[in-house]
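The whole structure should be built from the sequences, with the hints applied where relevant.
Residue numbers (my numbering), protein chains in the order written: chain A, 293 to 403; chain B, 3 to 609.
FYI, nobody ran anything at the bench for these hints, they're computed from the structure. Note that the Cβ used here is the ideal one computed from N, Cα and C, for glycine as well.
Take a look, some chain B residues computed to stay more than 10 Å from chain A by CB distance: (1) C24; (2) V195; (3) G232; (4) E267; (5) Q319; (6) H332; (7) A393.
Pairwise CB distance ranges (calculated): (8) A:E350 / B:R567: 50 to 60 Å; (9) B:K481 / A:A347: 49 to 59 Å; (10) A:K295 / B:L257: 48 to 58 Å; (11) A:A324 / B:R252: 43 to 53 Å; (12) B:Q459 / A:A324: 34 to 44 Å.
From chain B, some residues computed to sit far from chain A (all C-beta separations above 10 Å): (13) M199; (14) I404; (15) Q422; (16) Q459; (17) D462; (18) R482; (19) P494; (20) D520; (21) G522; (22) V598; (23) L608.
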Amino acid sequence: MFKRRKQGAVNVVSGNVPLTGQHTQDLGVALAECLLDGQPKAVLELQNVPLIDSAGLELLLDMQEQFERRAGVLKLASPNALCSDILVATGVGHRFEVYREAKAAIGSFVQ
Amino acid sequence: MLGRSAHWEVPRRVVVYYLLFCTIVLGWLLASAVIVSQASMRHNHEAAFLSYLGRAAAETTISYLETEGTDLQKLVERFAREQSLLYCAVVSPEGNYVAHTVRQRVGKPKTEPTGQHLRWGTVDAVRCRTGTNVFREYRTPLEAGGRTVGTLLMGVREVGWWSALRLTAEHAPLALAGPGLFVLVGAVVLSRVVRPMAAIDAQLRDAAIAPTLADTRLQTVKYRTPSALGWNRLIRHFEEESQGGSLDHRLNQALQSLRRDKVDEVLNSLADGVAVTDAEGRVTFANQALEAILASDAAAGSLVGAAMEDRLGLPAQSPALRQFLDPALHQRLVVQEISWEREGVQQTLRLARSPIRSTGQNHPGGFVWSVRDVTQQRLAEKMRNQFLDSATHELRTPLANIRAYAETLSLSDLIEVERQKEFCNTINMEATRLSRFIDDLLSVSSMEMGALSLTRQDVDLERLFREVVSKVKPQMDQKRISFHCVLPEKFPAMPADKDKLTVALVNLLGNAAKYTPDGGRVGLKVKVIDRRLFVDVEDTGVGISEDELPRVFDKFFRSADPQVREQTGSGLGLTLAQEVIRLHGGELIVESQLGVGSKFTAMVPLD
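Given below as structure tokens:
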């Protein structure tokens, strides 16, 4: 499941299940809560997410679009090797800032 | 494509068509009149001739009886003259001509003409055609005393088309003059009606053949018909458009609109909020970022029309509001940071307002606002300051002690050996404290850079926990803390980083010992459930307030509680412990009640 926590003004959403069709709703709810924060800033921590499928990728793109519509940013952090390859191979990774560590992603919001 | 008659003007075409159709109608009526006249004449002639034939037959019968037929020749010649007959004859019952207007035929047998047979009672006729002539031979029996004494024959021309035409022509001038006059009057009226259309049509024709519309000069027409009035309005509209909107003007308008759209797109792509206010302070434009920051629903345009100061929710006497309202500052940049509460969460916004400078003389004035959410930056700065404070304190205190004791030892020769050992122990303790702080600092630094990694190997958990307990036990004994340790009878093997896990657990137990008053209780409970290791560290210490609870794992966080402040600490222990547990795939959670105690639970998967 996916949980949301606050780190300063940044929302950090982390999960420990595959980002596939059956879990996209969980993530969608968690990220939608971030959208209520005015100009949303969020990091999706993928450290314990073993896999992303097409439904997950679609959700990521959809949520990124919603974040951008509110002049916010959704960043990805610590994807495993498989998820990194999926993000690169599908081109979805190009739409996101991807960090090796969640802390680095959170720190990047300090401009 | 234009038709053959398209080069004619509209009224001319309309009148020509009108006359053409009227002529066709009149011609049709004339032809009908001729046909009717011919039919009528034929009918009248037939009736009159049959009547005459009856009288002639009676007269012939009487003459035949009185004169025994001697006057029949004179009689038939008279009949022929009176009725302009082709011929007239009397035929005996035996079939020979008794009398005939052609005398040579008298005494000869009758010849039977061929043609269409007609009959009216006892009278019959044969309709014959010889060349172009059509005639009828009427025949009526001559009867006396109940017996037939002969047959009277009369050849007569039929009424032809020419006769009918001549008869119609006699009355045609009068019959045609009236309708013809009306047709002409109609043509004149029609011509007048369509004349405005002709004027419009002429201009449209010019426009159709001109190379460009600019080469055509369209003008109003001097008529009062609805179509003319409509045309005149259209021309005046175009004139106004062209006067106020030449091609250059319209091009400029289009370019400005395009530029404005482009500028809107650019501004809406910015991460910073941007707004434009008019001279009265009302928002005339707000980009998406500002809508997201300030508006509750973030619907496009929801800020437009609102007063910027109102939407910022600035308190009446706040320095920021005073600055923004100060007329002396209307001509320069004003920058302020304000606290902004959104659904109970405090945010920090950096506002920059600058006047709109325009070269136009009639510019109404106004401001452009830039709004940036700097909450995260300010939190980072606060943490950095906390770090500097803590680091300075943590470095300076042991260093000062070390320096003081070292100086004392070096300058004084008369210190007893026992005191010297005590001083050396203190120096050693402070150096250890310094070393531990620097180790923590380096670990946290590695953690921040993402360089903190685990070296996993199978760990004997029972041994690990005994080692951890042995490290914190002296501290507990020193404060006479009652320490309860509950460990499972048998520990499974677990791949983990023994040193880092030890550091994390020592930090948790060390904190429990540090913040629990003398005589308090600390408990360590370890259990394995579903291949997960649960470690509970519970104390009856000072506890953590509800508002500080979410921040206990933050780097360098120290509680504002004086009971906590009086203890030495770097604010790095819990941060490090949480990161170590996280790297093991686990989770560290805390429950606490101020003045009652705290409970930290570390959950680490065994696999």
